[in-house]
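From these two lone chains plus the hints, build me the complex, please.
Order-wise, the sequence lines are chains A and B.
First residue of the first sequence? That's 1 in the working numbering, and the numbers climb one at a time after it.
First residue of the second sequence? That's 1 in the working numbering, and the numbers climb one at a time after it.
I should point out that these hints are in silico values taken from the structure, not numbers from a laboratory.
Bear in mind the structure is a predicted one, so any value in this text is a computation, not a measurement.
Treat the hints with care, since some could be wrong.
Sample of chain B residues at the chain A side, in silico, Cβ under 10 Å [said to hold, decoys possible]:
{"id": "1", "residue": "Cys-62"}
{"id": "2", "residue": "Ile-97"}
{"id": "3", "residue": "Met-102"}
{"id": "4", "residue": "Met-127"}
{"id": "5", "residue": "Arg-137"}
{"id": "6", "residue": "Arg-175"}
{"id": "7", "residue": "Tyr-185"}
We put the CB at the ideal spot given by N, CA and C, even for glycine.
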Amino acid sequence: MKRAKRLTAFQIWLMILGAIVAAGAAAGGIVFARGLVVTNLTDLVPWGLWITIDLSSIALSAGAFTLSAAVYLLDLRQYRPVARTAVFIGLIGYSMAVCTLLLDIGRPDRFWHALVFWNPHSVLWEVTMCVALYFSVLVLETLPILGEADFLRGRWPRLAEKMRAMHRHAPILAVVGLGLSLLHQSSLGATYGVLKAKPIWFRPGLSVLFILSAMAGGPALTLLASMIAGRVSKWAVVDDRLVDPLARFVGWVLVGYLYFRMWDALAMTYTYLPGRNEGLRLLTRGPLAINFWLGEILLGALLPAVVLLRGSLRRKPLLRMLALALVVGGVVAYRWDTNLVGQMVLLSYLPHQIAPRYTMYFPSLVEMVAGAGVIAYGLMAFSLGVRYLKVVDHGRAGEAHLARVPAPASGD
Amino acid sequence: MSEKSRSMQMPVNRRGFLMIAAGAGCGAALLRGGQHAWANEAHAESPHRWAMVIDVGRCEGCGYCTLACRAHNDVPPWISWNQVVTCEEMGEETHFIPRPCMHCEHAPCVEVCPVKASYRRPDGIVMMDYDRCIGCRYCQVACPYLARAFNWEAFTGPNPAVPTWGQPEVPRRPRGVVEKCSFCYQRIDRGLARGLKPGVDQEATPACVVACPVGARVFGDLNDPQSQVSRLLRERPHCRLRDDLGTEPRVYYLQPGPPEG
Numbered sequence: 001m002k003r004a005k006r007l008t009a010f011q012i013w014l015m016i017l018g019a020i021v022a023a024g025a026a027a028g029g030i031v032f033a034r035g036l037v038v039t040n041l042t043d044l045v046p047w048g049l050w051i052t053i054d055l056s057s058i059a060l061s062a063g064a065f066t067l068s069a070a071v072y073l074l075d076l077r078q079y080r081p082v083a084r085t086a087v088f089i090g091l092i093g094y095s096m097a098v099c100t101l102l103l104d105i106g107r108p109d110r111f112w113h114a115l116v117f118w119n120p121h122s123v124l125w126e127v128t129m130c131v132a133l134y135f136s137v138l139v140l141e142t143l144p145i146l147g148e149a150d151f152l153r154g155r156w157p158r159l160a161e162k163m164r165a166m167h168r169h170a171p172i173l174a175v176v177g178l179g180l181s182l183l184h185q186s187s188l189g190a191t192y193g194v195l196k197a198k199p200i201w202f203r204p205g206l207s208v209l210f211i212l213s214a215m216a217g218g219p220a221l222t223l224l225a226s227m228i229a230g231r232v233s234k235w236a237v238v239d240d241r242l243v244d245p246l247a248r249f250v251g252w253v254l255v256g257y258l259y260f261r262m263w264d265a266l267a268m269t270y271t272y273l274p275g276r277n278e279g280l281r282l283l284t285r286g287p288l289a290i291n292f293w294l295g296e297i298l299l300g301a302l303l304p305a306v307v308l309l310r311g312s313l314r315r316k317p318l319l320r321m322l323a324l325a326l327v328v329g330g331v332v333a334y335r336w337d338t339n340l341v342g343q344m345v346l347l348s349y350l351p352h353q354i355a356p357r358y359t360m361y362f363p364s365l366v367e368m369v370a371g372a373g374v375i376a377y378g379l380m381a382f383s384l385g386v387r388y389l390k391v392v393d394h395g396r397a398g399e400a401h402l403a404r405v406p407a408p409a410s411g412d
Numbered sequence: 001m002s003e004k005s006r007s008m009q010m011p012v013n014r015r016g017f018l019m020i021a022a023g024a025g026c027g028a029a030l031l032r033g034g035q036h037a038w039a040n041e042a043h044a045e046s047p048h049r050w051a052m053v054i055d056v057g058r059c060e061g062c063g064y065c066t067l068a069c070r071a072h073n074d075v076p077p078w079i080s081w082n083q084v085v086t087c088e089e090m091g092e093e094t095h096f097i098p099r100p101c102m103h104c105e106h107a108p109c110v111e112v113c114p115v116k117a118s119y120r121r122p123d124g125i126v127m128m129d130y131d132r133c134i135g136c137r138y139c140q141v142a143c144p145y146l147a148r149a150f151n152w153e154a155f156t157g158p159n160p161a162v163p164t165w166g167q168p169e170v171p172r173r174p175r176g177v178v179e180k181c182s183f184c185y186q187r188i189d190r191g192l193a194r195g196l197k198p199g200v201d202q203e204a205t206p207a208c209v210v211a212c213p214v215g216a217r218v219f220g221d222l223n224d225p226q227s228q229v230s231r232l233l234r235e236r237p238h239c240r241l242r243d244d245l246g247t248e249p250r251v252y253y254l255q256p257g258p259p260e261g
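The shape of chain B in the complex, shown without the other chains (with noise of 0.2 Å):
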């Protein structure tokens, strides 16, 4: 707890500072060390962590993940927020990973991002403002998950997956910005305005966790041992995709099979 209150306490001196320094132009260099300051405090003020626990033993490779998420997004049929990518052959075995976005902690996007389009909400998802990106695209080329999708061409008229998969919950987006996956953040936010529990309740959970038919996907808060995510992490053995690059993914996979030596 004191760890946590120095830390907050910290940018408030250095940010006086850094005034001075950034117009003397190294700034830019020095601004740095405020961000992690900044996030810290950001974080202290959620008392949610969303996480996602995919199941890669039960995916069967159906896809009706993706074209849920079509349909309550308005995502257009050539962009896959949420693609399901099957693996190299192993053994007899074909295995399938969905990759929605991994909102990570350390997310490379948002950090790249000129014009803090992207930007990591306290309870850890990674927002688009879509009335704020340029296009640029850096984020793009920064993200090691391919999460990213640019509106290349105006998506207009009816979206091939709705009505079957879904309903609309967000306007569509105009031509000329990236998109990407939001774990449903309005689901959440408008389940936590009525009482509901986001991984608990449907309506309260991303699009992808409820049409799983093999419930080969997990929504939770990791801040709550009790929750669905948090004992899974805790009883299962999983990884998460390119945890070498310390980007701390909030997607995590459960290993298939029996864990083997």
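Chain A on its own, in the form it takes in the complex (with noise of 0.2 Å):
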């Protein structure tokens, strides 16, 4: 009785997931027939939601790279079954990535130019080589979760056992994910930081905050969803042993992170720089100010920090799960913010005029429902993983792998 209305529950779940993912489809269907025109997207702010999505999504996954080291490289093993939860969440963020990007450059057509035509000069470049590496990185990681399916151990039982095997290469599979996420991720801040002709972007620190906002971020949501999991899901086993402590960790990144946001928002703020002030101020008293000062920095990283470092509060899950939600959103909200204020102040090129002028953005409703559509295919494939892959699953998990080191118990 209590099994079947838990069913069903699953299934109006992914009904309504399945719902936005079809009208995603439909919208992504409009942009690729009619192209980026029925976007709200002009030659001055040519980058708007779907490129917040991307940098959002690409951030979020940053838990697969982190957990993976730590597993890994500092020999943190119970964490094992975190970080597989976390390396799953990964490959469904990348592909997030890849989705929108595919909706947002105009020739989807040539996406793969980049891995062809090589422009070393270009931070872009190195972003897309990066990705595309570490999405191969994430498949190879994910194969071990994919070989323990029970369909296909019924079905192909020596192909499942092969995918089950690359568990051996994790270590340097780990490597390689690091070095290609510690690159990438910070790029992906570089690649506003190196534009010398919007003074608010530019400046070296853009790639240090990216990257540690994501390692801020990423685990944040791992946590989240194998939480969140391990509430409403029985497929989902969630050791609070495992969680706890990387939540603490959580909120020291946060205060690594407010530490060099301070010195970066005090540096732009007496450097005087023309459009640099003008974005600033966008951001601390302009249209971005509510979604600075409360989505970025007091509820996106103070409040989140206080909670995840305090034990008393960080051990109420309720709370603990509040706290992670609102560093999630602070990743986005920043990387909305930092790509937006860049485009909204136009700094004149003509001489004698030095008084920027400002424009605006929001996102049409097609770009709204096809971002929609992304995002509802995200918790999709992360329902259907906590379902039938058992993507958090910290007990289970964690006893076959120690079963498995010592000695191949099960034929191979």
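Encoded structure:
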């Protein structure tokens, strides 16, 4: 009785997500058929909502490399089940980014050009190469998870065994993944940071801030998703002895992030560069102010840092989940603001005309529906993973691993 | 001369080293060093350095240049490769600044393009490879002069600027790529092949220069000390847009009126 009820709830959840994915696919069809004219993007603001989803899903996938490095390089083996979840979320996140990018670029049929026509001077080329390579790493890292699926083991046991055997290469994959991630997660900040034409962006700190916020947001999303799954799904098993110290780790990363942000903000405030001051004003007092102060700083970083570092608060599951969700939201808010603020200030190129003008951007319905479709796809993939691949299983995955390492017991 | 040959030799050794370094994962940062050497190499290959000089004092803001540009390059009416911008009023006079692509020597768009669809020709023209562009629009975000336009939709149907302002000389760009002024490279190249002199012979000169009714635009070769652009830059006070950025534009503006102290 109870079981049937739960399954129904899961099915309803999937149906809702499926409907959003279908609507997103329809919106994507409109984009491909009619071109980017259906967006609210302009020649003045050519990067909008979809770029934010790109940047956010890549940043929030950073749990994969962070936790894999912790498990395989720092030898914190007990966190292996959490790293497993993170890797799966990473694969979903990067595939979301690829989907959004295909929507966003004017010629999706030429997406492979960056892999063939290299421009090593372009930060975006480096990001593209790293993302492509790291996506391959994530696929390899996810193979053992897929190989554990009952469906595969029943149908093609030898293939499933081969896929699970990829696990042995996990340490190497963790090293490669760490290198690639450190490169492109920071370079996504540098994508903005190298543009001299936009003084609010033009600074080296952006790459540091991008990777630090990703290292907070990525693990935060992994923990949040695990905790939610543990509460609503009987297929997920969550061990609080693993989640609690990692949540504390997120808190410390936030402290580091806030430290660098403070100096970054001070340095920007007192450089008085035309265009930079105006950008700062948009953030602190202008149309982005609420998003900046609440979304990025107070709720997005300060408050969760306090909750996650204070044991008595962190141990309350609901409060911890709220804090983790705020971290995730803070990363998204930071990406949105960063992308938009540089484009909103129109610095004049005319002599004698120092006062900049401003422009605004708000996504069109097609952009929002297509973006929602991508996000719903991510949620759906994760939900299915929890249900059929048991990607959140802090009990069994740990045991299975311990059984496998000393002697491959189950015939290999 | 000796300095030039040294800078041409350097990348050979460095490139070999870079192959290994890139594999180690730090290639992207190190490769930057090779770039200027390549630029010099390319620089040395062409006998020409094309430049445009615009006399702000003469420009009346009629916009003929924009229309001629649209016709000869088959640009849609909603895009201006060459925009005439009205300056803020200074006293009683209104000044206009026609803004083509600046064809920067250190072009941000060329640096950031992930696929080298934007590239710089040896003669200094910053070109677009429309068959290669993926439409990521990074160049648009990077350009300080707003000189680039994205094809948000396909341009179909007749071009209203044709035939009044000229005939198209280049193929129309497809939907989804970024386009911009090319200094009418097609006129320069075809003219040179026929033994004409760009900047002197109309058929070999950018359409906007030919169309200007008041002679506010001059085009020519900076490598030729006798060319009109070289002469004007020697004789008249001039400036470039956002010179502080270090982009080294190839479009110069003669200052209006008598130079004041």
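Structure-based check of all given hints:
1. Cys-62: violated, 19 Å
2. Ile-97: holds, 6 Å
3. Met-102: holds, 9 Å
4. Met-127: Violated: closest Cβ of chain A sits about 14 Å from Met-127 (chain B), beyond 10 Å.
5. Arg-137: This hint holds: Arg-137 (chain B) lies near chain A, its Cβ roughly 4 Å from the closest one there, short of 10 Å.
6. Arg-175: holds, 5 Å
7. Tyr-185: Violated, because the Cβ-Cβ distance from Tyr-185 (chain B) to chain A comes to roughly 20 Å (cut-off 10 Å).
Consistency with the previously given hints fails for numbers 1, 4, 7, ordered from lowest to highest.
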